Amino acid sequence: MFNVDRIREDFPILKEKVNGKPLVYLDSAATSQRPIQVIEAVSDFYLKRNANVARGLHKLGEEATRRYEEVRFKLKDFVNARSEKEIIFTKNTTEAINTVMYGWGMKNIKEGDKIVTTIMEHHSNFVPWQQLARIKKAKLELIDVDDEGKLKESELDKIKGAKLVAVSAVSNVLGTRNDVKKICRIATDAGALSLVDGAQSVPSQKTDVRDIGCDFFALSGHKMLAPFGTGALYAREEVLDKMDPMLYGSEMIRKVTIEESTWNDLPHRFEAGTPIVAETIGLGAAIDYLKKLGMDDIRKHKEEITAYALKRLGETKGVKIIGPKKASERGSLVGFELENVHPHDVAAILDDSGIAIRSGHHCAMPLHDRLKIPASSRASFHVYTKKEEIDALVAGLEKVKMVFG
Amino acid sequence: MDSQDIYQEYIIELYKNPLNFGTIADADYSAEAFNPTCGDRIVLYLKVSGGKVTEARHSGEGCAISQASASLLTESMKGKTLEELKALTKDDVMRLIRIDLSKNPTRIRCALLPLDALMKAIGASK
Chain U
1 MFNVDRIRED FPILKEKVNG KPLVYLDSAA TSQRPIQVIE AVSDFYLKRN
51 ANVARGLHKL GEEATRRYEE VRFKLKDFVN ARSEKEIIFT KNTTEAINTV
101 MYGWGMKNIK EGDKIVTTIM EHHSNFVPWQ QLARIKKAKL ELIDVDDEGK
151 LKESELDKIK GAKLVAVSAV SNVLGTRNDV KKICRIATDA GALSLVDGAQ
201 SVPSQKTDVR DIGCDFFALS GHKMLAPFGT GALYAREEVL DKMDPMLYGS
251 EMIRKVTIEE STWNDLPHRF EAGTPIVAET IGLGAAIDYL KKLGMDDIRK
301 HKEEITAYAL KRLGETKGVK IIGPKKASER GSLVGFELEN VHPHDVAAIL
351 DDSGIAIRSG HHCAMPLHDR LKIPASSRAS FHVYTKKEEI DALVAGLEKV
401 KMVFG
Chain P
1 MDSQDIYQEY IIELYKNPLN FGTIADADYS AEAFNPTCGD RIVLYLKVSG
51 GKVTEARHSG EGCAISQASA SLLTESMKGK TLEELKALTK DDVMRLIRID
101 LSKNPTRIRC ALLPLDALMK AIGASK
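From first to last, the protein sequence lines stand for chains U and P.
Everything in the first sequence is counted per our numbering, starting at 1 for the first residue and increasing by one.
Everything in the second sequence is counted per our numbering, starting at 1 for the first residue and increasing by one.
In isolation and in its complexed conformation, chain P is listed as follows:
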């Protein structure tokens, strides 16, 4: 692996200044996902109004990949319906973060941790 391919500038930027970072006290949906191998933890919060996501946030701690993925995933969720969220796949997340992790299976788990939290929050399992 060459981590230069993974640690793109926008990934580092999202790690330092994450989007939608924080909690939602009166969230309609929320759940935590934990990676026991590395200790990364992501909590996802959603507010839904008129059938659509109006606000999405994430908290917790993790590596650059899981943090960037949480930023990009929450950003993409806004305006989507629950059905659309339930249909989200691993490939969708990979398209969002735009880095090739095919040679780094352990880092794929980092990238997918926010998706795990989302699916737990809305009661869908992948």
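With the rest of the complex left out, here is chain U:
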């Protein structure tokens, strides 16, 4: 059974006070908190097992390499990739997407080619394609959203004739869960490659890259209970094998002479330099933690919390919810506006009560322009979020309204 009180025991930070009040952390879409199991996996490595990987022949070095590579297998299973060769460790989703932009895009996108993405993308899945299009004189076309913040079916036609389609699984502002399986199928049928930004979906639902049918899938560790600096790019082996490395240096080479270099096997060809070893081992612990709770049960819990937040915020006078009405069509976040109060002020006054939410443009300026709002507020949830925290948010918003009379 999914026991939130029991889960909260694993997250020491949730006992902290902020401004003298118990912390109500509703900003997990920005970064999640970490359970003690993850923190201990990192400190255990530094305390007892620290050595560099993939070089020294000593015991510690071998052991560090083994533990580090073990995480690759864990992640491969977690996202259901065919092979561990398809998992490239990166420092976050942004770096994963840039690995594709430089390694595949710079090589394959030519003048006049079409790249398709959506208006709801986070800058990390927008700016790389905008810049690639600019550099290569290619076209960038955007799939628009309807009034409920869902991608317009009628605009999926834009995929025809594209070389690449890049789409997020869950929008970090609207909360919309996109039918990425369908979009990737349309892309494949049109002869385009597909990239899915899974930063907001991976922590909240089961990920199956083979079922989705994407060529690339990017994710961040720090939103899925793992340490900062961890993340990954999944890429189909056939595609990956023809890509150029983005970074050159150690680890990624096979042989170097004064005149030339040859590249290492997959996946190491794409991981130049000393990697983020301890934190990646922490990522392994986070995957273990999520698997133990069960992704289906996590999804169920988060959907329940999201539904409750939609209900309570929906009943709050002056609150306008952004995005789909149904929790089943959302990731675990709710963006909103409070009438006549700037989101920055909403967040500042909530902070008085120890409530942490995000306010601003959430790294999605084109979407905010499209919605014709300069900024928005966002409450987001995780395995440790309880309904009482949504109640605290609603009470906090009443306080904001009082201050702004």
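FYI, nobody ran anything at the bench for these hints, they're computed from the structure.
All of these numbers come straight from a predicted model, not from anything done at the bench.
For every residue, glycine included, the Cβ atom is placed at its ideal position computed from N, Cα and C.
Keep in mind that the hints are not guaranteed to be accurate.
Said to hold, decoys possible - Footprint (simulated), chain P over chain U, 3 or more residues, beta carbon under 8 angstroms:
(1) 143-155
(2) 348-361
(3) 391-405
Once you've looked at the hints, dock chain P against the given chain U.
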């Protein structure tokens, strides 16, 4: 922080009913300042005649602090010379808005956004 100290009645009042809000089509000086962290945007407009500011306005969107600061700053600019404007400091703005933001560095940026726009408009950098 206790936001009660920040959200004084006059700040809220200036947010709801800003002073000098609007644009000046034939402004002698104007510039936009943008805070990429929160998306606040202030545009400042000045008309100068006989060496002195005759009209100052602001447009854009932002939080209560940046909006109140823009109201108070434009109000204080009237009748000043360009040299006097160039000499304006962060402390001057803090004195104008009369709230203590020393514990809220992110909000200091909100308060200073209109000053950034002014300095850009008159070609002085701080």
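Results for each hint:
1. Against chain P, the segment 143-155 of chain U contributes 0 residues with a C-beta closer than 8 angstroms to a partner C-beta. That does not satisfy the three-residue criterion, and the hint is violated.
2. Residue count for the segment 348-361 of chain U with a Cβ under 8 angstroms from a Cβ of chain P: 7. That meets the three needed, and the coverage hint holds.
3. Here's how the segment 391-405 of chain U fares: 3 of its residues keep a CB closer than 8 angstroms to some CB of chain P, so the rule of at least three is met and the hint holds.
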